[in-house]
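Chemist: Chain by chain, the residues:
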Amino acid sequence: MATFAAAAPPAVTRNAAQALTAWAAAAAVFVWAHGTNPQLSMFWAFGLAFGFVLQRGRFCFASAFRDLFLLGHGRNMKGVLLGLAVASVGFGLTMSRQVPMTSLGFDPPTANILPLGAHTAVGGILFGVGMVLAGGCVSGSLYRMAEGYVASWATMAGLMGGLLAANFTWNWWWSASMADAPRIWLPRYLGHPGALALTLLAMGATYVVVLWWEHRSGMVLPATREPAPPSAGVADDLRALGRTVFVRGWPILIAGAALGGLNVLLFSAQEPWGFTGEVGRWGVMLSTALGFAPPPMEGAAELPGCVMVPTDGALANHMTFQVGGMFLGSFAGAVGAGEFKLRIPKQPVRYLQSLGGGVLMGYGAGIAMGCTIGAFFSSIPSLALNGWAFAIFLGLGAWIGTKIISRNA
Amino acid sequence: MNESKAAKTLDVRGEICPYPMMLTVSALKKLTPEDRVLEVVTDHAPALDTIPTQAARLGFTTDVQESGGSEWRLVLTRIAGAGGS
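So the protein sequences, as listed, match chains A and B.
For the first sequence, this note's numbering begins at 1 and goes up steadily by one.
For the second sequence, this note's numbering begins at 410 and goes up steadily by one.
Warning: the hint list may mix true and false statements.
As the list claims (entries may be wrong) - Per label pair, the in silico range of CB-to-CB distance:
| no. | chain 1 | residue 1 | chain 2 | residue 2 | range |
| --- | --- | --- | --- | --- | --- |
| 1 | A | Pro348 | B | Glu480 | 20 to 30 Å |
| 2 | A | Thr21 | B | Arg482 | 47 to 57 Å |
| 3 | A | Ala228 | B | Ile488 | 22 to 32 Å |
Derived by calculation from the structure, the hints in this document are not laboratory data.
We treat Cβ as the ideally placed atom computed from N, Cα and C, and that holds for glycine.
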């Protein structure tokens, strides 16, 4: 491992210059968007932060589930669990102010409390298989696109296609499963403290199961952290801090906690973190432009979260700014660390695998009303039962996906 | 370590998770008992966590060398006395 010299080598200077250029562009877009509509600039800033943290933490929901089965370790799952715990406390506090009286039968309007039914299960399985085949979920594929992974662009195209297919079949799912499916918000049955306590307890139990699982499979984790070099003063400390934040990968627990905290801030400001609704909207716009618009989706207008909003003809909205911000934030993180590189798979079959994984994820997210973010990372903190159900079937799908890739390695 | 024998190299650049790790594991399993070292070249940062873990299970230590431009060379060395199973 290269040690950090007092005089920065040329590569570090070049990386820093590229990152500064990216951040300057991000700031310029922020200023312009703020003059147009402050909501756009806020979502842009949140997008930048989410993208930067995802990239720096190499945060990967797909590997959190997959590595349990493939490697028998839960390193990433522990980061996810911490993020969920942080977000649950924050969401719980926010929702207790939004709906103080849970007995009246009102749900917090923007929380991801979604219909729980067969579509949740099928969507979770399809998404789980797809994310393992593609080597990343929706957010993972986005920051990999920004890091220069060419196959991840195929995943994004597949996602759009899968979401569009879900759009066309939505009304079937609506009458078969969604319309009569309950939307179960735990605080209505347990009160705010009870629902939060049960949720945190379930996370603690999951953590214990992960530990047990690791030991059962003979987990070996070699030490990878290098000792910190001696510091000669404030300048050295700042340089070391800069390297920790911008160059070295973040510990997964820090990244998980940061993502959970950002999700709380965004939820208090407007709505939980989400993603797939916007990608779905691009698909609808594209198909409408090509002359085959999907039919109006029954019931979709009343649902929160990532349910695809029928396009109002506008090219961009606040979600466009959030997704764009995530892309640029990831890119800035990647170039600053010297991790940007065009990566071209040598085996052409990988493109097919990425595309197919994307299609499965897109269709799954379409009918489950969200991806690993909207239907999971924002649903469990909403203290909604659909988040846990989606997680279980996501795990099942990841297990099936792991079987498939282990056979065709 | 037998320095006279050139180390085998596995190039997994361009591969995305979990393939760098899986291809490394299958290459390690194919090594003959005389092969003490395998060098893996990767440009996938998450593999810097997954490969050392799996290599340790098969009795190899990992030395990670940054070769710049978002590429890394992992030198996997068989721990003396460890079997190759």
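Chemist: Holds or violated: the 22 to 32 Å window for the beta-carbon distance between alanine 228/A and isoleucine 488/B?
Modeler: 27 Å, holds
Chemist: I want to verify a distance hint. Is the separation of the beta carbons of threonine 21/A and arginine 482/B within 47 to 57 Å?
Modeler: 29 Å, violated
Chemist: That 20 to 30 Å hint for proline 348/A and glutamate 480/B (C-beta), does it hold up?
Modeler: Holds - the Cβ-Cβ distance for proline 348/A and glutamate 480/B, about 22 Å, lies within 20 to 30 Å.
In summary, the one numbered hint that this structure violates is 2.
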